[in-house]
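**Q** Chain by chain, the residues run as shown.
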Amino acid sequence: MNAILFLQRIALFLVLTLGLAVPAQAQIADADLLPLVDALAPGNFKDREGAIGVLVTTGDQRVVPILEVLLEGELYFDDATGKVVFTSAPSGKGTISDPVTGAELPTLTEDGLEKVKVNNGLRRVLRTAIGQMTLLSEDAGVRRFAAQSILRDADPAQLELLDSAIAAETDDDIQLIMQRARAVIMLKTPEASIEEKTAAVPIAQAIGGRDALNILTTALAGAPAELQPTIQSAIDGLARDRAVWDVAQNVWFGISLGSVLLLAAIGLAITFGVMGVINMAHGEMVMLGAYTTFVVQEIIRQNFPGLFDWSLAIALPLAFLVTGLIGIAIERGIIRFLYGRPLETLLATWGLSLIIQQAVQRIFTANIREVGNPSWMSGSFELGGLAITWNRFYIVIFAIMVFLTLLCVLKYTAIGLHMRAVTQNRRMASSMGIRTPLVDAMTFGLGSGIAGLAGVALSQIGNVSPNLGQGYIIDSFMVVVFGGVGNLWGTLVGALTLGIANKFIEPYAGAVLGKIIILVLIILFIQRRPRGLFALKGRSIEA
Amino acid sequence: MTVVNRAIAGLGLGVAMTMGAIAVPAFAQDDTIKVGVLHSLSGTMAISETTLKDTMLFLIDEQNKKGGLLGKQLEAVVVDPASDWPLFAEKARELIEVNGVAAVFGCWTSSSRKSVLPVFEELNSILFYPVQYEGEESQRNVFYTGAAPNQQAIPAVDYLMENEGVERWVLAGTDYVYPQTTNKILEQYLMDKGVAKEDIMINYTPFGHSDWQTIVSDIKTFGSTGKKTAVVSTINGDANVPFYKELANQGIKAEDIPVVAFSVGEEELAGFDTTPLVGHLAAWNYFQSVDVPANEEFISAWQTFMNDPEKVTNDPMEATVIGFHLWVAAVEKAGTTDTDAVLDAIIGLETPNLTGGIAKMLPNHHITKPVLIGEIQADGQFEVVSESDLVPGDAWSDFLPESKMIEADWTAPISCGNYNTETKTCGGDTATP
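Each protein sequence line maps, in turn, to chains A and B.
So for the first sequence, the working numbering puts the first residue at 1; every next one is plus one.
So for the second sequence, the working numbering puts the first residue at 544; every next one is plus one.
Hints may be right or wrong, so weigh each one.
Stated by the list, open to error - The calculated lysine to aspartate or glutamate pairs, modelled on EDC-like cross-linking and capped at a C-alpha distance of 20 Å, are: (1) B/K796 / A/E74; (2) A/K117 / B/D922; (3) B/K577 / B/D604; (4) A/K188 / B/E710; (5) B/K771 / A/D155; (6) B/K770 / A/D236; (7) B/K763 / A/D211.
By construction, these hints were calculated from the structure, which means they are not laboratory data.
Values in this document were obtained by computation on a predicted structure and should not be read as measured data.
Hey, can you work out the whole structure from these sequences and the hints?
**A** Here it is as structure tokens:
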């Protein structure tokens, strides 16, 4: 039965390939290649590894796309015939075609397809195999990628291939990567001479960072005695660099944490700091901002997938509007009746926070909701020895922008002037013709709206669930009280100080103890300076 | 004052709304068998536990369609312990004393389970606990249908050693009893296997931790000494999303430093884009992606019941299903819902699990389970890369010196949750030694 099928397939492909272009270098006959490709499907991961090895030895360039598709986990096979196929759309959908000839296979259906499974070990093998097969490619980009994967694995078996690639390479950058790969291989090969190994050490060291440390530490363990001092001093040099960069990295982590705290707290700095309202529902405003982002992304995903990278830009004004309006409603509906009665305000807003949480849970369920990072916020970049993730980087920038905008609004606009007037002396402002109730509502709305903006940003680093706000409310109060109630600059300095202090304590004390230490320090600080870092002076605070 | 009243009225309305949502249609007839459902529907654990409440409603609905139990209809009594551990004990007491339930299905965190243990012992009722836990416990009134450490943690570590050649280990967890006990067992196990102490890094973080920059960066540093490194994660609940996002953004690939998680399932993965996480692992006894007819049937019935074709299933759900089926079988065998009769009847009963195997209730109140290791896929599902035979759950870890001689056996003549096989004595009535 199988033999008949096999013959049929061969016949089919012979017919199909007749019209195709003349094969390029190192190409074997389709009929020989096809069974090798089909061998990828059956058996376990070990069998598959063997099949990949056989495919690589053919040297046929048509194997590369097959391996690449397999690496992505998108290679399928027909359950009944065992035939390995390509599909035009992800997840085994779309038209089914032959991986070697590219011919469509109308007899096979999506339902009959099964995925060719890959695991981590196999992915490593595939990357090396693709690197090995494309190291002599004509496309510089492909060659660079190949060189990098050779460098990653640094398999001594590749030395010969690598040497010929280095000789043929014209691009300096790619040649450098290849030289480094060669150096790492030299360090790994026991047969290599001491001279070769000694020459390899500085090249490997030049890779820099943790990768170089990793390579050299491994090399040190297997190195002959006379080489060890050279490697050790290279490692020491790298470790010294690392120590300096580690401090810088910690400062960056601190700034990043500080900017998150700043974003969460800055709305509270207005409602609590400027108006004196203890708003326990502040965290829920942040949460609502995050859910606004989720809703915007959902709509974009379903209707305008092309706009996904713009989703945050669209969500920002919407989140501000939604939470700002809710804030105004809260102020008009509840808080205005409670001015001057902090305990009742606290209870009422706390109850409100529970109601909002439950309401959101009813509407969106308790599950974590997916808010995606737009492509420009994914991944990280290197700045010297610093690894900076894009999402954190943009959040720092965003926090600074929000802070400066708010400062300008309070200082240079009419509404800002009114706000300051009302909070400094309500009676006087009122007699000057300012509608204090309106200003109260606007101020609370502004504070809540900014909390909504924070929610958009925080949805990019945390999870979006009904409890999102609770995680930030204590930290926010801590920042505002520490920085000095009623002072925006205090909030900025407070947030950054707490962020950086936290990150410097964490490596020594751990995350749990670190949090406790910070709390104790703040309590001690408040004991000494009850009004925080930047206390407001003058009569206004007594009112 | 009117305003305060109004605020309180508002609060009351909110509470009423929640209660209304939870309340289950009351049956007029008295001859129903009541089943208690004790899962948090608000607070931090609501994310995980709400699904299990729905699972129970689904199972009871299915059972009633089949004609109920002992000729009676089943009736769910749902309460909300609100992620508040002491409240679990109060609510359990309410379920048993006020509502007179025949059995309770509930709890998620070990803290909540520890909180209700004395109540179930005192009032002699039955609890089915459906979540993987740290072991070192076997109580007469409790059935543990989730994994014990030997059914999840140890096989996962073995897989990494054998298949990935891992020599250096980061044990990262949330700061509470399950991760701490599990990590204690794992540390001992690794050291028994010859891993040096400096090759093990243990790290704890608070519940809901959101800033993972330092820890992920530490993991990177720890992993750059030339030895293959892996992370064993017992990080719980919603802290996982920021953890994985940070991993992805700092570029830690599964091929370099794989992370194997014990608390991350399909439900948690639904919260983010998993493309950068492909290849990281999870160890469970069930995955939604397991391709057997029993599972397919269950998933489609569940999605129909929830009226959501995208609704995922997960391991604690399967454990709930097994627990419920075992209880139903035991009640049918005993012919009554009386606690002592059911406790006797249930030992040795078998029910098919959802991955094509058989779950058998053992004398130590744990069950047999297969161990599955899955790799995260780009679609938020897991691809099984390793599947074991059925492993019987071991209540007391064999790898800790203080518990390796302890066995649990609730059948005569031992009838003891912590029987010392060396001194031939029972450690007392309580579950803990």
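**Q** Now, for every hint given, state plainly whether the structure supports it.
**A** We went through each hint and held it up to the structure:
1. B/K796 / A/E74: holds, 19 Å
2. A/K117 / B/D922: holds, 14 Å
3. B/K577 / B/D604: holds, 13 Å
4. A/K188 / B/E710: holds, 19 Å
5. B/K771 / A/D155: holds, 16 Å
6. B/K770 / A/D236: holds, 18 Å
7. B/K763 / A/D211: Holds, at about 10 Å.
Hint compliance for this structure: every hint is met.
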